[in-house]
Amino acid sequence: MNTTTQTTATSPSPAMNSTARALLKEHSMTLGYALLFVVLAFTVENFFSTANIAGLLLSVAQIGMVACTMMFCLASRDFDLSVGSTIAFAGVLGAMVLERTGSIGLAIGGGLLAGALIGAGNGVLIAYLRVNALIATLATMLMVRGMAFIASQGQAVGIADEGFISFGDTVVFGLSLPIWTTAICFVIFGVLLNHTVFGRNSLAIGGNPEAARLAGVKVERLRVWIFLLQGVVAALAGLILSARITSGQPNAATGFELDVISACVLGGVSLSGGKARIFGVVIGVLIMGTVENVMNLLNVDAFYQYLVRGLILLAAVLLDQLKARGERRV
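The opening residue of the sequence shown carries number 1 in this note's numbering; numbering runs sequentially from there.
Hints were generated in silico from the structure; no laboratory data involved.
In this text, a Cβ means the ideal position worked out from N, Cα and C, and glycines have one as well.
One thing to keep in mind: the hints can contain errors.
[Said to hold, decoys possible] Once the Cα atoms are required to be at most 25 Å apart in a straight line, the calculated SDA-like pairs of lysine to any residue come out as: (1) 275 <-> 190; (2) 275 <-> 322; (3) 218 <-> 200; (4) 323 <-> 291; (5) 323 <-> 34; (6) 275 <-> 225; (7) 275 <-> 313; (8) 275 <-> 309; (9) 218 <-> 275; (10) 275 <-> 125; (11) 323 <-> 311; (12) 218 <-> 132; (13) 275 <-> 319; (14) 323 <-> 274; (15) 218 <-> 117; (16) 323 <-> 36; (17) 275 <-> 40; (18) 323 <-> 30; (19) 323 <-> 29; (20) 323 <-> 201; (21) 218 <-> 272; (22) 323 <-> 77; (23) 323 <-> 209; (24) 275 <-> 215; (25) 275 <-> 167; (26) 275 <-> 187; (27) 275 <-> 219; (28) 323 <-> 203; (29) 275 <-> 138; (30) 323 <-> 31; (31) 218 <-> 291; (32) 218 <-> 203.
[Claimed, not checked] Computed beta-carbon distance windows for the label pairs: (33) 255 <-> 150: 33 to 41 Å; (34) 32 <-> 162: 36 to 44 Å; (35) 325 <-> 158: 45 to 53 Å; (36) 54 <-> 105: 39 to 47 Å.
Work out the full structure, taking the sequences as your base and the hints as a guide.
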């Protein structure tokens with residue numbers, strides 16, 4: 001009897017097994033990335049060097065910033081294909097304003113205002129005029145990219161102001177300012193998602209827009225605000241990018257939106273809406289950056305890098321579909 005009692009007492013209960021499985025499922029991507037990081041640290045030369053890790057973080061800074069707000073778009077059952085064009089236009093506009101006025105404040109303010117207007121325009125088209133998000137943001141992507149080329153006459157707009165350039169190359173506690181800016185964005189939007197009415201309502205309209213409307217959520221207004229935030233953060237990323245490369249480039253950030261969406265979906269943000277985790281987005285961004293960083297260290301041809309990025313996007317979408325099917329069965 002004692003043996004039986006002891007065996008029963010030490011064997012895990014079904015509830016504990018269920019909890020363990022839930023935790024493993026919840027943090028599977030984090031554990032997978034940790035394993036990938038360890039393997040790469042031992043197998044890829046210079047991967048674990050201080051300079052390379054700092055470079056990796058800097059390379060994903062812009063993706064990380066924009067992923068914070070793309071998370072809200074996807075969580076509310078929308079998405080934005082115009083972020084890459086907004087980055088390019090904000091960088092070009094900021095450089096042009098700086099060139100003509102010499103005012104860093106006006107350059108930054110003009111770029112952010114342009115991003116806000118682009119984002120709000122997307123929101124109005126989608127929320128009030130009922131234009132499909134794919135069509136609305138695809139049209140905006142083309143128009144804004146065209147505006148960047150027209151404004152700059154197809155040429156890069158140089159930046160010589162050291163004060164503006166410092167936004168891209170200032171180092172604080174061993175890390176450059178864009179990395180700290182991205183970290184602050186993760187904290188701010190993580191709090192916004194998990195601890196505010198704005199975040200709860202964003203998830204609610206992604207889960208069921210009609211139910212959210214019946215519960216008193218102003219769905220259309222909230223969607224406009226989400227896209228406005230998306231535009232502002234994309235413009236901020238564009239201004240920082242222009243400071244890093246000391247010019248506003250009308251062809252900058254081409255294909256950027258696909259990397260951002262891939263990072264979000266890899267991080268557990270559902271394409272069907274209603275589900276998002278800020279820590280998951282951080283992991284998704286790091287996965288995208290790490291894969292690209294390793295391919296550069298291994299001197300993988302750029303053509304093959306496009307192939308790998310496409311495969312990652314496809315894998316992210318398939319993973320989202322598998323998760324959705326599993327939840328429906330449960």
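* Non-conforming hints, listed in increasing numerical order -> 17, 25, 31, 33 and 36
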